[in-house]
Amino acid sequence: MSGKKERITVSLDPGVAAGLKAAAEQAGAASVSEYVEGALDARMLRDQWLARWRAAAGDVDPQALAYARRALLGERAEPHPQAS
Amino acid sequence: MSGRVLTSSAIVDIATDRSVYGRAFLVAAVELGMTFPTPSTSLLQAWAAVPPQARALLDLFLDAPAVVVEDLGPSVAGRAGVRAHAAHQAGRFDVAAAHAVDVAITRGFPILTAEPGPLRAIDPDVEIEELPAP
Numbered sequence: 012m013s014g015k016k017e018r019i020t021v022s023l024d025p026g027v028a029a030g031l032k033a034a035a036e037q038a039g040a041a042s043v044s045e046y047v048e049g050a051l052d053a054r055m056l057r058d059q060w061l062a063r064w065r066a067a068a069g070d071v072d073p074q075a076l077a078y079a080r081r082a083l084l085g086e087r088a089e090p091h092p093q094a095s
Numbered sequence: 008m009s010g011r012v013l014t015s016s017a018i019v020d021i022a023t024d025r026s027v028y029g030r031a032f033l034v035a036a037v038e039l040g041m042t043f044p045t046p047s048t049s050l051l052q053a054w055a056a057v058p059p060q061a062r063a064l065l066d067l068f069l070d071a072p073a074v075v076v077e078d079l080g081p082s083v084a085g086r087a088g089v090r091a092h093a094a095h096q097a098g099r100f101d102v103a104a105a106h107a108v109d110v111a112i113t114r115g116f117p118i119l120t121a122e123p124g125p126l127r128a129i130d131p132d133v134e135i136e137e138l139p140a141p
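If you're matching them up, the sequences are chains A and B in order.
Residues in the first sequence are numbered consecutively from 12, following our numbering.
Residues in the second sequence are numbered consecutively from 8, following our numbering.
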């Protein structure tokens, strides 16, 4: 990432702000800014790839997606018979 | 960080839409920030298996933030090969399956596959998540 930084101001719910500071500390980030920058960069990378995938392959079957999310999170999941 | 190790059958599923579940797992993994370690040998099998019109999606699959290709270096080859000796003696040896089992054990992840047989031949106890049938 670029060494030159731009300061921006965001408004957060107090609970989210407290959680953010704790998460940055737990992750060993040098600062909250460093933690936020890393998290946003990863999120934007994910969103950009998802948009490219949807443009190329179309939308994923919603029932299959719900099944996959539950399975990946270790929750009990049964494939939906109507997923097509 | 959690995830699943992909086999060639899972990759082919994703690239060709053989069932709706392969792509669902990939998209869900990206959304959830999970990792899909992909053995290079599984990738080779998938490139050989998919029809030409699916190759662009295979390229896009490789760009997914979840996908991390695991190469087959000499230390992995030795470890995975020794583990697969019994399967080889029984005539049930598959290079990519042996590689996937090693990645799964090293990472502590289950394997996502449409074809569990070759994996079970290497290690009957390896954790497998089977893609639902199309």
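Simulated from the structure, these hints should not be mistaken for laboratory data.
The reader is advised that the hints may include incorrect statements.
[What the hints assert, rightly or not] Which bits of chain A does chain B cover? Going by a derived footprint, with three or more residues having C-beta under 8 Å, they are:
1) 33-43
2) 51-58
3) 76-84
[What the hints assert, rightly or not] Which bits of chain B does chain A cover? Going by a derived footprint, with three or more residues having C-beta under 8 Å, they are:
4) 28-36
5) 55-67
6) 86-98
7) 102-109
Note that CB positions come from ideal geometry on N, CA and C, so glycine has one too.
Status of the hints after comparison with the structure:
Taking a C-beta to C-beta cut-off of 8 Å, the region 33-43 of chain A contributes 0 residues in contact with chain B, too few for the three needed, and the coverage statement is violated. Residues of the region 51-58 of chain A lying with their CB closer than 8 Å to a CB of chain B number 3, which satisfies the three-residue condition for coverage. Given a C-beta distance limit of less than 8 Å, the hint that chain B covers the region 76-84 of chain A holds, as 7 residues qualify and 3 suffice. Beta-carbon proximity to chain A at under 8 Å applies to 8 residues in the region 28-36 of chain B; the threshold of 3 is reached and the given coverage holds.
Judged by the Cβ-Cβ criterion of 8 Å, the region 55-67 of chain B is covered by chain A as claimed, because 3 of its residues qualify and three suffice. Coverage of the region 86-98 of chain B by chain A is violated [criterion: at least 3 residues with CB-CB distance below 8 Å; count 0]. Here the region 102-109 of chain B counts 0 residues with a CB under 8 Å from a CB of chain A, which misses the bar of 3, and the coverage is violated.
In summary, the numbered hints that this structure violates are 1, 6, 7.
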